[in-house]
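Asks: The primary structure of each chain is shown beneath.
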Amino acid sequence: MHMSDALISPAVGGTMWVAAAGLVGYSARKMRHCLDSSRVPLMGVMGAFVFAAQMVNFTIPGTGSSGHLGGGLLLAILLGPSAGLITIASILTVQAMLFADGGLLALGSNIINMGFFPCFIAYPLVYLPLVGKKPGRGRIAIAATLAAVLGLQLGALGVVTETTMSGIADLPFAKFLLLMLPIHLAIGLVEGLATTAVVSFVWQARPDVLELADSPGDGRGRLGSVAVCLLVAAIVTGGVVSWFASTRPDGLEWSVAGVTGKAELAESTDGLHGALKRAQERTALLPDYDFAKTQEPARGGQAPAPEESSLGQWFAPSAGTTVSGLLGGGITLILVFLIGWALRRRAASAPSA
Amino acid sequence: MSHHLVEAKDVHYSYSDGTQAMCGVSFRITHGESVAVVGANGAGKSTLLQHLSGCLLPGGGTVRIGDTLLTRKTLAIVRRTVGMVFQDPDDQLFMPTVWADVAFGPINLGLPADQVRSRVEHALETVGMSHVAGRPPYRLSGGEKRAVSIATVLSMDPSILVMDEPTSNLDPRARRRLIELLGTFTHTKIIATHDLDMAMELCGRTIVLSQGRIAADGPTADILRDESILAPCGLEKPLSLQGCPICSRQKR
Amino acid sequence: MADIDSRMAEIGWLDRLASRDTPLHRIDPRAKLLTTLAFIVAVLSYGKYQLAPLMPLAIYPAVLIALGDVPLKFIARKLLIVSPFAIFVGLFNPLLDRQTMLTVGPLEISGGWVSYASILMRFVLTVSATLALVAGTGIHNVCRGLERLGVPSVFTVQVLLLYRYLFVLVNEGARMSRARALRSAGSRGMGLRVLGAMLGSLLLRTLDRAQRVHAAMCCRGFDGHVRTIEALRLRARDAAFLVGWLGVLALLRAFDLAGLLGAIATGGGR
Ligand SMILES: Nc1ncnc2c1ncn2[C@@H]1O[C@H](COP(=O)(O)OP(=O)(O)OP(=O)(O)O)[C@@H](O)[C@H]1O
Ligand SMILES: [Mg+2]
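Protein chains in written order, with the numbering used here: chain F, 997 to 1349; chain G, 575 to 826; chain B, 258 to 527.
Keep in mind that the hints were calculated from the coordinates and are not lab data. Fair warning: there could be bad hints in the mix.
Stated by the list, open to error - Where chain B lies over chain G, by a calculated footprint (3+ residues, C-beta under 8 Å): (1) 620–628; (2) 653–659; (3) 667–675.
In this text, a Cβ means the ideal position worked out from N, Cα and C, and glycines have one as well.
Produce the entire structure from the sequences given, and follow the hints as far as they go.
Replies: Here it is in C-alpha cells:
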C-alpha cells in the first residue's frame, strides 16, 4: 500500500514529509540517548531481514490474493518503537530508491502510514497493554493480531486521506475507504499471523532479544507522550474526515450527475482559446481538431457547486489541456528525446575523467 | 617488551544457554610468537579467541594482554592492542565500501583525517587490495574479502593479530597467497584453524583444545606428528606429514 | 522464490549501474538530490487535467539518463513492473469523470481520461527521474549526500547497513530454500508453515549475525556512532548543475512551452 508520487500533490506530500522528518529526527534523538551500541547492527540486519521477507509473496488462504509482511509492528516489538520507526523508514527509503516503490515525495506519507501508525500507535496502545508483563503464546497472538489490524487500518485510512486530499485521483473518499479497509483487514490478519509466528519464535529461541526492545524511556512508561501523539492524530484525522464528509456527501453521485447533466458544452470562444481557434482555422494545419472545453465553466454552471470543483478550479490550468497543447507537448517530447540522444552520444565519445 | 605478552589463567566461560565453552584454560604467549589453536568443531577455539580480543569477558580466571588485565574498563586498551579477524568476512566488512571499512577503526581511534588516509592506503597496499578500495564488500571474491578483512585490522596498527580460520573457504591459490602474506607479518599471531598444513608452515607452537580444555601445548612439529594427541581430539595428521608420496613430492 | 530472484537481479543491475563512472556520477550527490526533489515537486504541482504542460519537463530525466548512460531498457522495465497502485487507483478517473474535455475529430475524450493520462505521465516522469538519480549516484553516495543535508546519521547508517546485509541475507535465504527444495522432492508451492519455519530460522541466523557484526565493530573501537571522514566538496560544476536546473524548472513551470510550440505549429501566434 505504498502511496505513489503520481497521486500526491506537493502540498500533501510536503506536509507529510515534514511530519515524517520530525518523527525520524525525534526517534534519532531518542536513540542517541539510550543507545546500546549493539542496536545499530541489529537494526541494520533486521531491516535487511524484513526487506527480504517482504519480497516473498505468499497467498492469503481462502482469498486467492497475495500478501507480504509489512514489518512495522514486528520491528517495533523486536527493537522498540523509536528504533522500529527508523528501521522501517530505512526500508521504505531503500524501496523508494531501488524499486521506485512509492516515490521520493510520497516517502513522507509512506513513513507515516507504515511506520508511525504501527510503531507509535498500535504498538504502545494495543500490543504492549495486551501482552502485559508476562507474555505467553496466546497473549502474543492476540496482541500482535489486533495491533497489526489496527496499524494497517490506520495506514489504509492514511492512504485514502492523503490521496483524496491531493485531489489527483477522482475516487471519492467514502468509496475509496470502503475499498481499502476490507482489503487491509485481510492483509492485517495475515500480517498479525506472520508477526505472531515470528515473535513467538523469537520469544522462545532468543528471549534476550525481546528484552532489548523495552529498554527504559522507549515506549513503556511514556504513555503520556504517546497519548498526546494519539490525541493530535485523532484530531487531525477527525477534522479531515468530517471536512470530507461535509463537503462531499456522496462523491459518486456527484460525479454521475456531472456525466448526465453535462452532455453538451458551450464552445468557449473567449480570449486565447478563441484567438487560437481562429488562427487554427486560418492555417488549417489541423482542420478537424477542436479545442478543449475546460471543465471549469461547465462545472461552475452546476447548481450546488461542490467544494471540490472550486478547489479544482484553483489548481486547474487556465489553458487547460488542448489539442494544440498536446501537439506542442509531443513536439517537446521529441526534442527531449533528441537532446538526450545527442547528449548520450557525446558522453559516450568523451573520455572519462 | 611485556607489551606483547598474552596470558590466560584458568579461564572459564559459559554461554547464556549454559554451554560450558571454556573450562580452565591457561597459557602464556610471548612477543613475536606465532601460535596455532586447533581442535574439533565446538572445541572452543572461537570462544577462546574472543576472550583474547575483548569480545567476551572471562566468567572465571583472568586474561592479561601486555600489562593490562582484561576487564570492562580496559576493553578499549585491549582492543587497540589486539586485532581480531573474524571467521566470516561478511561480519567484519559492514561498511558500504572497502575504503570506509578499512578506515572505520582508525577513525574510531580519533586519528586526524590525513593520518587515517595514510593508514588506509598502507594497510590496503600491504594486503595488495588497493585496487578494490572503492568497491562495496559484497562485490568481492572470497579471497579478496579475506584480504580486506585483514586490512581493516592492520589499519589499527595492532601488535597482536588474532585470526579465526583465515584459510577457510579459500581456493588453493588464495590460500597460498594468504599464507605468504601472513608469513611476512612480524606481529604476535594467534590463529585458530582446521588447516593443519598451514599451522605447520606458519606457527612454531600449537595449542590443542578439546571440549574447552587444553589437551596439548607445544612445538607444532611435535604435536601434529603425535597421533596419541591428535586422535582423541578428533584431529588427523596434516597431509604433509602423512607420508603420502604425492604430497611429500610436492613439498619443497 | 522467483520474485526474490528477479528482484535481487534488478538490485544487482542497479548496483552495477551505480558503480560506474559517468558525467552524472561525478556530480555531487547533494546537487542531484535537490534538483530531483525540485523536479518532482514541479511535476506534481500541475493541476490534474494538465497533461501537455508536463511534457517539456521530460527534459530532466532525459538529461539524467543521457549523462548517466542509463540503459533505456532498464528504465522501461522498471516502469512496467513498478507500483500497480497508482495505475489501479487512477483507473477510476475515467470511470468517474466522463465529462468530455477534448474532441479530436470524431473522438470525444473525457476529463477522466485526460487526468488518468496525466497521472501516468507523472508516474513516468517521477519514477524515471528517481531511477536515473539512483543509477547515476548509488545508494552509498545518496546517503552521504543526505547526511550532509542534515539527515540524522542514525538513519543513514541504517539505510547503508540494510543495503549491505540485504545481499548477505538473501544469499543465505536462497541457500536454505534450495536445500528445502532438494528435500521436498517435487512438491512445488510453499505454504505458510514452511515459509514460517524458514523465515524463523533465517531470523535466528540474522540475530546471530547482528551479534557477530557488533563484536567485529566493537573490536575496532565502535561506540555507537558510525563516523566518516569522506568529505564532499561542492564544486563550481555542481553548483552550476543545481542552479541551472532550478532555473530551467522554474522557467518551464512559469511558461507553457508545450502550449507555445503547439500554437506555433498550428499556425497561431500569441
Ligand atoms: N553464542 C553462543 N551461544 C551458546 N553456545 C555457544 C555460542 N557460541 C558457541 N557456543 C558453544 O560453545 C562451544 C564452543 O564453540 P566455539 O564456537 O568456540 O567452537 P569452535 O572451536 O570455534 O568450533 P568451530 O571449529 O566449528 O568454529 C560449542 O559447544 C558451541 O555450541
Ligand atoms: Mg569457530
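Asks: To test your reading of the hints: which numbers does this structure violate?
Replies: none
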